[in-house]
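*Asks:* Going line by line, the protein sequences match chains L and P.
Everything in the first sequence is counted per this note's numbering, starting at 580 for the first residue and increasing by one.
Everything in the second sequence is counted per this note's numbering, starting at 3 for the first residue and increasing by one.
Just so you know, the hints here were simulated from the structure itself, not pulled from any lab data.
One or more hints might be untrue.
Unchecked claim - Taking lysine to aspartate or glutamate pairs in the EDC-like style, the calculated list, with each CA pair at most 20 Å apart, reads: (1) P:K5 with L:E637; (2) L:K586 with P:E47; (3) P:K5 with P:E96; (4) P:K5 with L:E683; (5) P:K71 with P:D33; (6) L:K644 with L:E633; (7) P:K5 with P:D84; (8) L:K644 with L:E665; (9) L:K586 with L:D666.
Owing to the predicted nature of the structure, the values given are computational and were not obtained by experimental measurement.
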Amino acid sequence: SAVISQKPSRDICQRGTSLTIQCQVDSQVTMMFWYRQQPGQSLTLIATANQGSEATYESGFVIDKFPISRPNLTFSTLTVSNMSPEDSSIYLCSVEDLGTGTTEAFFGQGTRLTVV
Amino acid sequence: DAKTTQPNSMESNEEEPVHLPCNHSTISGTDYIHWYRQLPSQGPEYVIHGLTSNVNNRMASLAIAEDRKSSTLILHRATLRDAAVYYCILFGNEKLTFGTGTRLTIIP
Numbered sequence: 580s581a582v583i584s585q586k587p588s589r590d591i592c593q594r595g596t597s598l599t600i601q602c603q604v605d606s607q608v609t610m611m612f613w614y615r616q617q618p619g620q621s622l623t624l625i626a627t628a629n630q631g632s633e634a635t636y637e638s639g640f641v642i643d644k645f646p647i648s649r650p651n652l653t654f655s656t657l658t659v660s661n662m663s664p665e666d667s668s669i670y671l672c673s674v675e676d677l678g679t680g681t682t683e684a685f686f687g688q689g690t691r692l693t694v695v
Numbered sequence: 003d004a005k006t007t008q009p010n011s012m013e014s015n016e017e018e019p020v021h022l023p024c025n026h027s028t029i030s031g032t033d034y035i036h037w038y039r040q041l042p043s044q045g046p047e048y049v050i051h052g053l054t055s056n057v058n059n060r061m062a063s064l065a066i067a068e069d070r071k072s073s074t075l076i077l078h079r080a081t082l083r084d085a086a087v088y089y090c091i092l093f094g095n096e097k098l099t100f101g102t103g104t105r106l107t108i109i110p
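Given only the sequences and the hints, what does the whole structure look like? Please build it.
*Replies:* Listed below in structure tokens is the structure:
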């Protein structure tokens, strides 16, 4: 199993500013993902965080808006840049060991972001 | 990406079995079927997963159709703590893609 710590757990930010969310895992994992969950909605995959290289973004998400770092196999950050009220969501970090679907994925508790 | 279809909501009486259906008609041969649930104000929690054969664990059972185009999550004896949104997900191309999920309400 993997235990994920996400920081901050919640924040209220002014529009136009940026927030960096941290994801720390207690063991080395192959795959790390970042999701967004808008109010009352399901989870949408933002990107796969790749260790030592640029993240792989899903359609509709761009690096300039959501820069991601992954310096090692246990840590990643997601930055929400130039925020607007539409960015108010829960952002979740997820990890999975193999990337094959043969093992379970683990999720952090999420970061609840409110942009005012 | 392959998609899943689930009922938006279901209700069940406490201490009775619950069958949560999921259709995934475009599933590929290498996609694993995963189920997660999300309790209020928490991140999703793993429930069970499988490829072709039915699977059992301490939380639930997963019944997979022979053609793999549908599956059913079975909670054998629902409790109030099982009230959550249940997501049926296909794990393919090295990522989990969530559908809309089923909101399960347990009636005391």
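*Asks:* All hints, please: hold or fail.
*Replies:* For each hint, the structure was consulted:
no., hint, result
1, P:K5 with L:E637, "holds, 15 Å"
2, L:K586 with P:E47, "holds, 19 Å"
3, P:K5 with P:E96, "holds, 15 Å"
4, P:K5 with L:E683, "holds, 19 Å"
5, P:K71 with P:D33, "holds, 11 Å"
6, L:K644 with L:E633, "holds, 14 Å"
7, P:K5 with P:D84, "violated, 24 Å"
8, L:K644 with L:E665, "holds, 13 Å"
9, L:K586 with L:D666, "holds, 17 Å"
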